[in-house]
Amino acid sequence: MTDEKKKELEALCLEFRKCLIETLHSIQTGHPGGSLSVCEILTTLYFSEANISPENIDDPNRDKIILCKGHAAPMLYLNLAKKGFFPMEEMKTLRQLNSRLQGHPCSKETPGVEASTGPLGAGYPMAVGVALADRMDGRDSYTYAILGDGELNEGVVWETALNVNKWKPDHLITIVDWNKVQLDGTTDQIMPIGDLAGKFAAFGYNVIECDGHDVAALSDAIAQAKAAKGVPSVILAHTVKGKGVSFMEGKNAWHGAPIDDASYEKAMEELGGAQ
Amino acid sequence: MGKQLREIYGEILKEVGATNNDIVVLDADVSGSTKSAIFGKAYPDRFYNCGISEYTMVGMAAGLAKMGKIPFVNTFAVFISTIGLLGARNFMSYSGLNVKYMGAYGGLSDAYDGATHHALEDIANMRALPDVDVLVPSDAASTAFIVNEAIARKQPMYIRLSRDAMPDCHPEGAVFEYGKGMIVREGTDVTLIGCGIMVSKSMEAAELLAKEGISARVVDMFSIKPLDEELIEKCAKETGAIVTAEEHNVIGGLGSAVSEAVVKTFPVPVEKVGVMDTHAESASYKDLFAKYHLNAEDIAAAAKKAIARK
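So the protein sequences, as listed, match chains L and R. When you line the first sequence up against the numbering used here, it's residues 1 to 275, in that order. When you line the second sequence up against the numbering used here, it's residues 276 to 585, in that order.
Keep in mind that the hints were calculated from the coordinates and are not lab data. Please note that the accuracy of each hint is not assured.
Computed, partial: chain R to chain L, Cβ under 8 Å [stated by the list, open to error]:
id, residue
1, 322
2, 325
3, 326
4, 342
5, 344
6, 357
7, 361
8, 366
9, 370
10, 403
No residue lacks a Cβ here, since even glycine has one placed at the ideal position from N, Cα and C.
The shape of chain L in the complex, shown without the other chains (with noise of 0.2 Å):
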């Protein structure tokens, strides 16, 4: 990656924080933490990776982007915004009456959103499914699931891995935004995942790990996620819950708490101001 494409990057990161900050404080609802930990992962596939805008979007050989932790839907939202699906204007109306931006991401309602996803790990098996069809049709096209470590815990994750294991459809990328804090307390607390990498490596991933906020270290594991051929990878993306606030990071109190006007003078004061 250039030097300009990341710098290009991480300022539509900081403005996609500001933003999601700002979103959240107004409609006093929505899942800061999560949003962004995984901030860094959307923007260098939107932005970087993937081969997805409004123009190419009914072209089955674009890429595809699950996000199958959808509780993260405002970043998915920021994302598809800046990249002229919806009017980023549209973001003021998330969550409320007759809005096109649900609470969850919606794939029937809103532009771009290729998913819906909520009830956890239900999207993986769906990005399996995308990944075998453009495999059965001979398109090159990769698809990218997106998955909290909290989503970890559901059963059907690893009866995925099964499946991806014997399907091997290795143009699915699997990236987990892996962030050890779920609602209730830290992964450890919660549901120590314990030895991840040499789980996914046991269901028989290429498994990647890198800093999952650094864009160009996101972006170097993706190509070597694509070198690898015959054999699907799984990106470890090492994250922080609420990265980039200060108060917010590390804090499973913030994965989906409403941002009270002291937090949120404080959150934009760190990330530098309004826009």
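Guided by the hints, dock chain R onto chain L, whose structure is given.
Showing chain R alone in chain L's frame:
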């Protein structure tokens, strides 16, 4: 006795699959039972045996449907309508994806395997999902019609099949219409509305009633959703009493659907024949029908009760 419905289904898929490359079939390690193996053997590249992972199977089907495939998802009715329910709600209903759930072994048809393998709530579960159609064929001809419609229509569907063969209850060359019920016997005193095997049981009941001078109309309501409310209203008006007959809990299934329509259009007495809000047990299919009161005699008795309430 005709062919097993599951065999008819498997053969049609194989036949149409020869020219329609969009058809894909998924199974959860019961393809020998569901007969999806007939397709799988013919077109291994479009067949996914996902192992015993029903939740994953329905999710994979959703992804395939998103990319324009027509996935037929197979396992026992009890499992697809319970483990598969979240997938049905999220992907078929909420997302509108063109997935077909094929519930093999509907009702009590997996008799000896016991209550864990009986499907007595599947229609209720699937019927409550917006925009998902629910279909229950009654014989070979209606199965062929429904499977062909499932291939042709871009519409999420739950189709309940049965383990056993069923007697034919439609004349040769019968013309079915999607979303419409079908009168299979005319009558004036009461209407017996059934689905699945209960249509032929209702035909038998009509014979019993005829011997007592009661004229019973019989309707095959193979489409439970969308429901032919017009036909129900017509039957209510013309016969003044209705009996529903289903191999399902009396809560939430055909009886509930018909009752909802009757109260909305032309209220008349409705008696429900079905499993009375209980689990069944291991036994022969025949013994279960007797113990849980699903036979022609039970339908005839319900008919007399409904007529008496007029």
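Hint by hint, here is what the structure shows:
1. 322: Since the shortest Cβ distance to chain L is 11 Å, the answer is violated.
2. 325: holds (6 Å)
3. 326: Because about 7 Å separates residue 326 of chain R from the closest Cβ in chain L, which is inside the 8 Å limit, the hint holds.
4. 342: holds (3 Å)
5. 344: holds (5 Å)
6. 357: This interface hint is violated because 14 Å lies over the 8 Å limit.
7. 361: Constraint on residue 361 of chain R satisfied, holds at 6 Å.
8. 366: holds (7 Å)
9. 370: At 4 Å from the nearest chain L Cβ, residue 370 of chain R passes the 8 Å test, so the hint holds.
10. 403: The hint is violated - residue 403 of chain R has no Cβ within 8 Å of chain L, the shortest such distance being about 17 Å.
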